[in-house]
Every structure is written in C-alpha cells, then in structure tokens.
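Using the sequences and the hints, build the whole thing.
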Amino acid sequence: MVPVLIPSQLHAYTGGASRVNAEGATVDEVLTELDRRFPGLRFRVIDEQDRIRPHMRIFIGQAAARDIAQPLADGDELMIFGALSGG
Amino acid sequence: MADTTQILVGTRKGAWSWRDDGNRGDWKVEGPLFLGQIINHWVQDPRAPNVQLMAAKTGHLGPTVFRSLDGGKTWTEAERPPAFPKSEARARAVSHSFWLTPGHASEPGVWWAGTSPPGLFVSEDNGATWDSVAGFNDHPMYDNWVPADSGTPDGPLLNQIVIDPRDASHMYIATSTGGVFESLDRAATWSPLNKGVLASFMPDPYPEYGQDAHFIALAPTRPDRIWQQNHCGIYRLDRPGETWERIGLAMPSDVGDVGFTIMPHPREADTAWVFPMDGTDVWPRTSPGGRPAVYRTKDAGASWTRQDRGFPAEQGWFTVKRQAFCGDDAAPAGLYLGTTGGEVWMSSDEGESWRSIAAHLPEIYSVTVAPAP
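Residue numbers (our numbering), protein chains in the order written: chain A, 1 to 87; chain B, 1 to 373.
Calculated directly from the structure, the hints in this document are not laboratory data.
Among the hints, a few may not be true.
[Unchecked claim] Here are the simulated SDA-like pairs of lysine to any residue, each with C-alpha atoms no more than 20 Å apart in a straight line:
id: 1; chain 1: B; residue 1: K298; chain 2: B; residue 2: A269
id: 2; chain 1: B; residue 1: K28; chain 2: B; residue 2: K73
id: 3; chain 1: B; residue 1: K86; chain 2: A; residue 2: A63
id: 4; chain 1: B; residue 1: K86; chain 2: A; residue 2: E33
Quick look at the structure:
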C-alpha cells in the first residue's frame, strides 16, 4: 500500500482528499489505480506518451521521479505536486 | 424576439454565462464555472441544445473536455479526451484542445476538436470519447504542413473546423502554420487551399501552404462563400474557385486588415464584420490608434464601414481573439465580442451601437451565443 499526496489541483477528482492510499509496484501502477478510482486524474498528470506533464512534479520520498516506470519500495510515499505555472 | 439568449464565455481563468430577458436588454450572470481553468472554447450543440462541451486545461494540469447533457447545470469529464496515439513515432501529446465543432446536422452526437500541437479529433458520442483522425494527423505531409517548431506563441494550432451544411463529407480546417485545408471525404484526405493568400513571413510570400489562417467562416445562406481573417489580411473565396481575394485591401490604410476573427451575417451572404487590430511594426495587436471599432462590409468586401458607437473614442486598447466574436440569428442580428481585458460587448442592431454588458473578467478566449435550452 502506497500513501499518495494529492495536490489541491486534483482535489476535484478525489472528493477533496489530500491523502489517499493506492496499490502499485511502480509510479505508473499507482497512477493507473488512482485513475480507476478517480476517473480522469491520470491524464491530467501524465500525457498520452506516458510523460509527466511539464508543470507537474512527482516525488518518491525526497527524490524526483522522472519516469513513471520507476519502481516503488515498501514504505515509499508518492507525492504529486502542481509546480510553478505562471500567473 | 421572445426566446431567451445565452452567452457562453470562456476565459483564461474559468467560465461565465449570461442570459437575457428575452429582449437582449437585461443580462443576468451565472458563474464562475471551473474557476481557474483555462477555457479555450465553450459550445452548445445546435442539434441537441442540452449538450454543451468545454475545452479546458489549467496552468498545471493537462487538457480535458468537460461535458454537460443538461444545458450546463451539471458537468462531467470526457472519459477519453483528445489524445494522439500512444507510442507513435512523433510522440505528440495534446497540450490543449482549442476548438470544438458540433458535427453535421445528419450526424447527431458527432463532434470535432482541433488541438495544439495541430491535431484533428472526432467524437461519436457527444464528446465522451475522442479518436485521433489519421487522415490529417498521420498525413504524409503533416510535418511540412504544420511544423511543430513554427513559433506560434501558445503553440501551433489546428484552430478551426468548418463543415459544409449541405454535405457532411465536405470539411475545411484552419491552422496557424499551414493555412486552410479542405477534405471532400469526411477528413480521410486533405489538400491545401491557400492560393492567393499572403504569408509575408515566408521566403515565397504566396506558398502552397504555410499561411496563418486565424479564422474562417462560411456564409450561412451561401456556403460556397468562405470568409477568412488571416494573419496577413482579410480574404474571401467563392467556391468552386480556388484563389482567395484579399478584400481587406479596401479597408482604411490607417487601420489595416489584420485581426483574429471574422463574423458573417446570419442571412445576408454579402455582409460580414471584422474587428481589426494593429499589425504594424512590432505587432501590438491592439485596437488601431486606441480606438476600438468593428468594420462591416455589405458588398462582399468591396467596401467597409466603421462601426464604433459606444466603444471608447480614445485610449481603448482592445484585442478580440479568434473564438471571441459571434452573433445570434435574430433580426436585427446581435453581435457579441469578448476582449483580452475581460469585457463583453454587445450590439443588438447589427453593429450600429455597442454597449458593455460585463467587465472585470479574466482575459476572454471564447464567446459563443446560443438559444437557452
């Protein structure tokens, strides 16, 4: 079970929840599970070529994830942030 | 007129709507909807007025399409928004959907979308799921027609889709880097349609493709007539002709014929309106001289008449973007425009006089008008 931090930009999908738990051995699997429960969420974070969108950031613990194929270890926390995007 | 009119306004920071009192006099606001989302286009389906689609994204989040099946009361999200095929060689990703067009009257539920980078997408289920249209998106000439690095500020666009009301198979698209293209087989194959249109920023100023077609519109009562507001002037093409005529040369020289949009009259095929902007030196794209006005032709572009009553007489620096000028079907026709400064202006007398009906909004990207469902 992976704890996931949901940024305010995605609260409309999670019913306002800022922390949820999801199953998955990779970033991709966790996001796919989240999309199953919160339809539409994944595509607003990850584009159709499986790239993290330019103004979104994903961290595994303190380390930035660059690739959604990145594996998750026991105890890892996944954090999704809306990064800087202008005025 | 007795029917209630509604104005659907998409902005850089959300969506608002206005409904009138049945006489286009008193307008009541509703909104905001989706505050903070960038709304590039908000369109009601003339075939099924309870259906509305909205092209949206945010500064952070990727693009989506919001859908309402009850006249805008409740909204859901497309199950599969416009997206290029996964793992394709070009690795394109839709940055934003820019334009939405309800399909032909004979094809209920069909919608078309144009995106940046330039892409054509179709939905057969009222916008719930979308498919990439290979006839354009995978055309062998795609990279020549609409190159990805062509420099349009918010990304190159497939900015418009127009369908011949007499024939669902006959379509036109406008792009910001390739100009206008035509299909005679419902988007399966495409050909450039730019003869006579200037591209002053190209080594060959009259190329087969490469123009920046800001807006095209068919004359509703004469669909063989296409009006075009281009980056390089105002044009008209009467099919089956192939060569556009630069009717903007008849505009006053101190105003010029640069603009983003052109609005045909709902019944008079020789009548259309433009909202010129300053295209001199560094291209301010503001109202020329700080004196906003529309210009109307009633003779197919042979001459133009300034209409500015109600607009600021000085120090008015409006810009009106592609989707932000529209009209209703009433008699006399109503005109509506939204500015980059967040104002909505309307005329209920075919442009003779104008009044501001809303202000203090975010930058306006889209204004559409439709009967209230």
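These are the hints, each one checked on the structure:
Note on K298 (chain B) and A269 (chain B): the hinted pairing holds, with a Cα-Cα distance of about 9 Å set against a maximum of 20 Å. For a cut-off of 20 Å, the pair hint linking K28 (chain B) to K73 (chain B) stands: about 16 Å separates their Cα positions. As the CA atoms of K86 (chain B) and A63 (chain A) are separated by approximately 27 Å, the hinted pair breaks the 20 Å bound. Distance restraint check for K86 (chain B) and E33 (chain A): the Cα-Cα separation of roughly 19 Å lies within the 20 Å cut-off, and the hinted pair is therefore satisfied.
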